[in-house]
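The listed protein sequences derive, respectively, from chains A and B.
Read in order, the letters of the first sequence correspond to residues 1 to 478 in UniProt numbering.
Read in order, the letters of the second sequence correspond to residues 1 to 124 in UniProt numbering.
No lab work stands behind these hints, which were simulated from the structure alone.
In this text, a Cβ means the ideal position worked out from N, Cα and C, and glycines have one as well.
Errors might be hidden in some of the hints.
Quick list of the computed label-pair ranges, beta carbon to beta carbon [to be verified]:
no. : chain 1 : residue 1 : chain 2 : residue 2 : range
1   : B       : 17        : A       : 341       : 31 to 39 angstroms
2   : A       : 308       : B       : 30        : 23 to 31 angstroms
3   : B       : 17        : A       : 352       : 30 to 38 angstroms
4   : A       : 371       : B       : 17        : 39 to 47 angstroms
5   : B       : 17        : A       : 454       : 54 to 62 angstroms
6   : A       : 370       : B       : 86        : 28 to 36 angstroms
Output of the computed footprint for chain B on chain A, the stretches with three or more beta carbons under 8 angstroms from beta carbons of chain B [what the hints assert, rightly or not]:
no. : stretch
7   : 273 to 287
8   : 295 to 301
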Amino acid sequence: MADADRDLHLLVQSVVDYSIFMLDPDGYIVSWNEGAQRINGYTAKEIIGSHFSVFFPPEDVASGKPEWELMTATSEGRVEDEGWRVRKDGTRFWANVIITPLFGETGELRGFGKVTRDRTQHRMAEHALRESEERFRLLVQSVVDYAIFMLDTEGHIVSWNAGAQRIKGYRADEIVGSHFSVFYPPEDVASGKPDRELEIAVVEGRLEDEGWRVRKDGTRFWANVIITALFDETGRLRGFGKVTRDLTERRMAERTLDERGRLLAHLVQAQEMERRRIAWDVHDDTIQSMVAVGMRLQLLASRLPPEHAATVERLDEAVSSAVQRLRGLTFRLRPPGLDGDGLAQAVDGYLAQAISGTGLTYTFTHDLLREPPPESAITIFRILQEALTNVRKHAMATSVSVSMNAVDHGVLVRVVDDGVGLAQPVERLAGRDHFGLLEMRERAETAGGWWSVSGRQGEGTTVMFWVPALMYGESGVS
Amino acid sequence: MTRLTVLIGDDEPMIREALSEVLAAEPDLDVVAIACDAEESIALAVRHEPAVAILDMRMPGGGAHAAREIRNRSPRTRIMAFSAYGDARSVEEMGRAGVTEYVLKGVPNRDIVAAVRRVAAGAA
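So that you can see chain A by itself, here it is in the shape it has in the complex:
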């Protein structure tokens, strides 16, 4: 034997991580090495001369697998297999097996070389990893308290879970592929907030934010959002993980307890009392005096010669139309009904009086089972009043529908008309003529709620707002 052959023989003999041995053409073992002894448990003396099928579990032997492997190796030039094999002590290990046929110079089959590795540990680790990944995936999928989903590097949604569906209202097939800016209020989109949040997440690694987000149905919830940038081993940005919680109720509960909530309730009521006082003054003093003046002017006109009477009559007309305008003012300042009958009835009464004679038809529905606290009722009424004024003045609508629903421990109000819609986004409309839009939003936000307007040109306008309606000190968590 040449030196090189001897060295190679030594190497094969002493390798312990691989079982390397030879079979004769019929599958009987003719050589053995250290690795084979370690992995299979037999010494060379014990095993040489045995058929290699002793390494197979009985079911494989019964199905003729050992013979099949030799046949395949002969015809294909090689066979690789992974499966259970049996040690001397009867225990099993997960083996990776490669069988290579060995041909003589004249092409006759001399036998087989067999290399076996014990992959039991590897298989268990892989299995455990797969299981843990699967469990983790299931966990993420089924979590309902958190919206957990992934964005690609551009911000498009690529995965979705049960919590995301519950909190945001979209099913996976409706939302995957959309850009995540659909969750932001229009004013945030206009200011570029979604992209800014991704940029910060890339730079800082993560970003946390609290604010209003929009559900599928257009309503909003107070969200805690964490965006995490996901980088691969090479440092390349792969996308973003986004975890969102709905904190609407907690935020409300906190607000009803904190000083700010209490001050706000006072402020709203104080403002309302001031309005009422002004309304009473105008009504009981100014209007009555002007009515009396008008009556006297009419008397005077009837006693004057015609050429003077006409002048006095015009004076009376001026007084009379001023009285009409003042009546309108007091009605807006203090609509009857808000004092005692409750919000729904006040709205009903207001619609009857404010919409009648405008050529508009209206519907009003509500499902409020209990009266909101006074400051909430006032806020809701005032925003609604402004929204209806806009419908009358700007919408050129033929009908308007108003609904009030108890939602998230607050009142959700929708005012939907069939008029001309919005010529441009609300951010650009908020000029002199549309001062009321700003005022509505401010009122809602000051009360801890939100306000939105939507409606493309020619498609009518929808004003939607939500105002919390918890008594001071009451807990929002049911």
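Assemble chain B onto chain A, guided by the hints.
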């Protein structure tokens, strides 16, 4: 021609006086009593038994209360509300007190006068 006797009940002096002058200018109307609250209106109505009592809705003591009492104690007197409030609730309240003619302050004098005659005619 029989003259119609009229009582005015209103807490606002300028309105009382102007209304009184408007009615006095009509040949067929005679203002026989002027009161400034509900109790005085009731007392004067009982004493004078006017054909028509013109009552302010919101005078002290309440126009509706005065209307009910006068209908009880001076059954021949017909009642007309004269009010600065035209809302449904106020009209309803007076309606429950048996008042059918409801005139809003600020309407032309001739409408006031016509309403007084109409109420009185309803009594006949």
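We went through each hint and held it up to the structure:
A C-beta distance of roughly 35 angstroms is found between residue 17(B) and residue 341(A), which places it inside the suggested range of 31 to 39 angstroms. Take residue 308(A) and residue 30(B): their Cβ atoms lie about 29 angstroms apart, and the range 23 to 31 angstroms holds. The supplied range of 30 to 38 angstroms is met by residue 17(B) and residue 352(A), whose beta-carbon atoms lie about 35 angstroms from each other. A hinted range of 39 to 47 angstroms for the beta carbons of residue 371(A) and residue 17(B) is consistent with their spacing of about 44 angstroms.
Taking the beta carbon of each, residue 17(B) and residue 454(A) are about 56 angstroms apart, inside 54 to 62 angstroms as hinted. Checked against the given bound of 28 to 36 angstroms, the beta carbons of residue 370(A) and residue 86(B), roughly 31 angstroms apart, stay inside it. For the stretch 273 to 287 of chain A, the stated coverage by chain B holds: 3 residues have a C-beta nearer than 8 angstroms to a C-beta of that chain, and at least 3 were required. A stretch counts as covered by a chain when three or more of its residues have a beta carbon under 8 angstroms from one of that chain; for the stretch 295 to 301 of chain A and chain B the count is 4, and the coverage holds.
Figure legend: structure checked against the earlier numbered hints; every hint is met.
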